[in-house]
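K.L.:
Work out the full structure: start from the sequences and follow the hints.
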Amino acid sequence: MLTRLLIMKTSTLKYVFILLISLVSIEVFSENRIPVKEHPSSLNSMVAQLMGWYGRLLPAERNIFFNQIDKEFKDSLKQYPHDIEHLKIISSQLVNSSKKGLLQFNVTINIKSKKPAGSIWMTIKEQFLFNEKKDGSIVLEKIILKGKLTEEERELSENTNRMYFKSREFAYSWLAYMDGFGSVKKTINLESWIESSVYNVQIGSKQINGSVASSLRQRSVYLHTGQHTLRSIDITQDDESQNTYVLDLTMDWKGFNVKTVPVIAKINQKIKIKINNDGTWYVLFIEEKHLIPDLTPWQNLLC
Amino acid sequence: MLKKIVAYILYTFISINMAYADTDVLPILSGVGGNFNAVDSDGNMVEFNSYFGNVVVIAFGYTNCADICPFTLGYLKKLYAQLNEEEQEHVKILFVTVDPEYDTPAHLNDFLNYFNKDFIGISGTKEQTDHIVSIYQAQYNELSREGMPTHNIRRINTKLLENDEEEKAKLFSHSVSIYLVDKEGFTRSIEFTGTPKDKFVEKIQQLIKE
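First to last, the sequence lines map onto chains A and B.
Everything in the first sequence is counted per the working numbering, starting at 1 for the first residue and increasing by one.
Everything in the second sequence is counted per the working numbering, starting at 1 for the first residue and increasing by one.
It is worth saying that the hints were derived from the structure and are not from the lab.
Treat the hints with care, as some may be off.
Said to hold, decoys possible - List of simulated lysine-lysine pairs, DSS-like, C-alpha gap at most 25 Å:
{"#": "1", "chain 1": "A", "residue 1": "Lys254", "chain 2": "B", "residue 2": "Lys77"}
{"#": "2", "chain 1": "B", "residue 1": "Lys199", "chain 2": "A", "residue 2": "Lys254"}
{"#": "3", "chain 1": "B", "residue 1": "Lys77", "chain 2": "B", "residue 2": "Lys197"}
{"#": "4", "chain 1": "A", "residue 1": "Lys206", "chain 2": "A", "residue 2": "Lys133"}
{"#": "5", "chain 1": "B", "residue 1": "Lys183", "chain 2": "A", "residue 2": "Lys206"}
{"#": "6", "chain 1": "A", "residue 1": "Lys254", "chain 2": "B", "residue 2": "Lys209"}
{"#": "7", "chain 1": "A", "residue 1": "Lys259", "chain 2": "B", "residue 2": "Lys203"}
{"#": "8", "chain 1": "A", "residue 1": "Lys99", "chain 2": "A", "residue 2": "Lys185"}
{"#": "9", "chain 1": "A", "residue 1": "Lys142", "chain 2": "A", "residue 2": "Lys88"}
{"#": "10", "chain 1": "B", "residue 1": "Lys126", "chain 2": "A", "residue 2": "Lys289"}
{"#": "11", "chain 1": "B", "residue 1": "Lys126", "chain 2": "B", "residue 2": "Lys168"}
{"#": "12", "chain 1": "A", "residue 1": "Lys289", "chain 2": "A", "residue 2": "Lys206"}
{"#": "13", "chain 1": "A", "residue 1": "Lys206", "chain 2": "B", "residue 2": "Lys92"}
{"#": "14", "chain 1": "B", "residue 1": "Lys197", "chain 2": "A", "residue 2": "Lys289"}
{"#": "15", "chain 1": "A", "residue 1": "Lys259", "chain 2": "B", "residue 2": "Lys117"}
{"#": "16", "chain 1": "B", "residue 1": "Lys199", "chain 2": "B", "residue 2": "Lys77"}
{"#": "17", "chain 1": "A", "residue 1": "Lys125", "chain 2": "A", "residue 2": "Lys142"}
{"#": "18", "chain 1": "A", "residue 1": "Lys259", "chain 2": "B", "residue 2": "Lys77"}
{"#": "19", "chain 1": "A", "residue 1": "Lys74", "chain 2": "A", "residue 2": "Lys88"}
{"#": "20", "chain 1": "A", "residue 1": "Lys100", "chain 2": "A", "residue 2": "Lys133"}
{"#": "21", "chain 1": "A", "residue 1": "Lys186", "chain 2": "A", "residue 2": "Lys146"}
{"#": "22", "chain 1": "B", "residue 1": "Lys199", "chain 2": "B", "residue 2": "Lys209"}
{"#": "23", "chain 1": "A", "residue 1": "Lys206", "chain 2": "B", "residue 2": "Lys126"}
{"#": "24", "chain 1": "B", "residue 1": "Lys183", "chain 2": "A", "residue 2": "Lys254"}
{"#": "25", "chain 1": "A", "residue 1": "Lys88", "chain 2": "A", "residue 2": "Lys146"}
{"#": "26", "chain 1": "B", "residue 1": "Lys78", "chain 2": "B", "residue 2": "Lys168"}
{"#": "27", "chain 1": "A", "residue 1": "Lys142", "chain 2": "A", "residue 2": "Lys71"}
Just so you know, these numbers come straight off a predicted model, no measurement behind them.
P.N.:
Structure follows, in structure tokens:
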């Protein structure tokens, strides 16, 4: 090969040189056009794990269970005070970890726990370190409790019980799955309902109807590569049955369609869920409607 | 031969490179717009998908509107004039009435002719109107249950009536947005009369070239 290159005419070598320059510049422009996210599609999965982590610290009620955690972390759970009555995430921040290849979530929580002398309040700062594996799965590597701050009474603004965290664990996992992040299947018990439950999607005048698996495939023509970001979540008990709930999610989506044209969406999903006797969640159906994205101040202006 | 192959590959990559260099691609606004059936201002049944291949600009309003509609259409008239003839051939300006009961195709046609003969009025049944409004996620409301005498309304043009009965019409509030739709029917931008015309024209030209 080298010999052949050496015997090429100088002019031909010039073309090859220009070609190489072009290839390098294409790479640069490609990166400009499709912004590469620092933490692609893994954010929802990490947040889902955080929600599950905190949910299991709260007292068991009914049959609300969270995704299994590795044995090594069960000791970490013991470091929290017992009998936690209330837990609220005050702040969370994703930062680049000083440890190579790890993603770090800094979280501050407020907890209220019951003691014989009365309830006490604590603020706890902690770090969660996640490892993004080559197959795209996110694994919790380490949790570091960074010390307990002074006891301080806080006002309860909302009831953050197990259901509060379970609905968020489910929602963030579902979003991660829609982002193409298959390792969360078990968390949402996906295999049991993806082929059997109905998923209706309305995108303007387009209507997609079918099973969850089928509608996701058809939907991916319009929302091909991108990321869902949860904007609001609400869960209400269905009037018809004690074990049935409606999860109302509003999310933004940014990405590209199948033809690599950029797409922006604001999506509302109403997910009807039945809680099985064993505590797993079964999705009965999903209704999705694409709303007008929040882009301009005049889009809702009437005259 | 090798030189030709290298030159061809080089040309191909430079073309791709230029395409990728366009960093201002307008995003598709998912869920805004889509196909609908209606009646145009020539009285023909139309399907929105029949405009595929053209860049479409859509505004909502009604002919008795004394506020934003004449202003919007005046704006669109100037906007359209900034396009050259060849570009105009690839652009359709649609004005969808929210008052199809009053705005017959013929009246809509007369009204739009004051601005530009190329502009297309879109009317239909109330159900068709509601469908168009809903897919563009626009809004409109009746401001009065009873109609008011049209001679009290400051209007662009009066309706030609066959009899001398006092004519009444309703007043509406409606969205002021102007939707820019690409050649495949995807909404790519939502503008209003405050958008600098040059900026809007650039977006239209960009979609024509796609």
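K.L.:
Each hint needs a verdict: does it hold in this structure or not?
P.N.:
Hints and how they fare:
Proximity of Lys254 (chain A) to Lys77 (chain B) is assessed by CA-CA distance (about 34 Å); at most 25 Å being required, the pair is judged violated. Distance restraint check for Lys199 (chain B) and Lys254 (chain A): the Cα-Cα separation of roughly 23 Å lies within the 25 Å cut-off, and the hinted pair is therefore satisfied. The hinted pair formed by Lys77 (chain B) and Lys197 (chain B) meets the criterion: a straight-line CA distance of about 11 Å does not exceed 25 Å. For the proposed pair Lys206 (chain A) and Lys133 (chain A), the alpha carbon gap of about 37 Å is over 25 Å, so the pair is violated.
Simply put, Lys183 (chain B) and Lys206 (chain A) have alpha-carbon atoms about 17 Å apart, close enough for the 25 Å limit, and the pair holds. For the proposed pair Lys254 (chain A) and Lys209 (chain B), the alpha carbon gap of about 24 Å is at most 25 Å, so the pair holds. Restraint check for Lys259 (chain A) and Lys203 (chain B): the C-alpha separation of about 20 Å stays at or below 25 Å, so the hint holds. Under the criterion of a C-alpha separation no larger than 25 Å, the hint pairing Lys99 (chain A) with Lys185 (chain A) is inconsistent with the structure, at around 28 Å.
Taking the CA atoms of Lys142 (chain A) and Lys88 (chain A), the gap is near 21 Å; set against the 25 Å cutoff, the hint holds. The straight-line distance between the Cα atoms of Lys126 (chain B) and Lys289 (chain A) is roughly 23 Å, inside the 25 Å bound, and the hint therefore holds. Taking the CA atoms of Lys126 (chain B) and Lys168 (chain B), the gap is about 18 Å. The hint holds against a cut of 25 Å. Proposed proximity of Lys289 (chain A) and Lys206 (chain A) is supported: the alpha carbons are some 10 Å apart, at most 25 Å.
Distance hint between Lys206 (chain A) and Lys92 (chain B) is fulfilled; the C-alpha atoms sit about 22 Å from each other, no more than 25 Å. Proximity of Lys197 (chain B) to Lys289 (chain A) is assessed by CA-CA distance (about 32 Å); at most 25 Å being required, the pair is judged violated. Of the pairs offered as hints, the one joining Lys259 (chain A) and Lys117 (chain B) is violated, with about 36 Å between alpha carbons and a cut-off of 25 Å exceeded. This hinted pair checks out: Lys199 (chain B) and Lys77 (chain B) have alpha carbons roughly 15 Å apart, not beyond 25 Å.
Proposed proximity of Lys125 (chain A) and Lys142 (chain A) is supported: the alpha carbons are some 14 Å apart, at most 25 Å. The suggested pairing of Lys259 (chain A) with Lys77 (chain B) is violated, with an alpha-carbon distance near 33 Å, which exceeds 25 Å. Between Lys74 (chain A) and Lys88 (chain A), the direct Cα distance comes to roughly 21 Å. Compliance with the 25 Å bound is thereby established for this hinted pair. Restraint check for Lys100 (chain A) and Lys133 (chain A): satisfied, since their Cα atoms lie roughly 13 Å apart, inside the 25 Å limit.
Between Lys186 (chain A) and Lys146 (chain A) the CA atoms are separated by roughly 31 Å; this puts the pair beyond 25 Å, and the hint is violated. Of the supplied pair hints, the one linking Lys199 (chain B) and Lys209 (chain B) holds, its CA atoms being roughly 16 Å apart against a limit of 25 Å. Among the hinted pairs, Lys206 (chain A) with Lys126 (chain B) is consistent with the structure: their alpha-carbon atoms are about 21 Å apart, no more than 25 Å. For the proposed pair Lys183 (chain B) and Lys254 (chain A), the alpha carbon gap of about 21 Å is at most 25 Å, so the pair holds.
Proposed proximity of Lys88 (chain A) and Lys146 (chain A) is supported: the alpha carbons are some 17 Å apart, at most 25 Å. Proximity of Lys78 (chain B) to Lys168 (chain B) is assessed by CA-CA distance (about 32 Å); at most 25 Å being required, the pair is judged violated. With a C-alpha separation of about 12 Å, the suggested pair Lys142 (chain A) and Lys71 (chain A) falls inside the 25 Å cut-off, and the hint holds.
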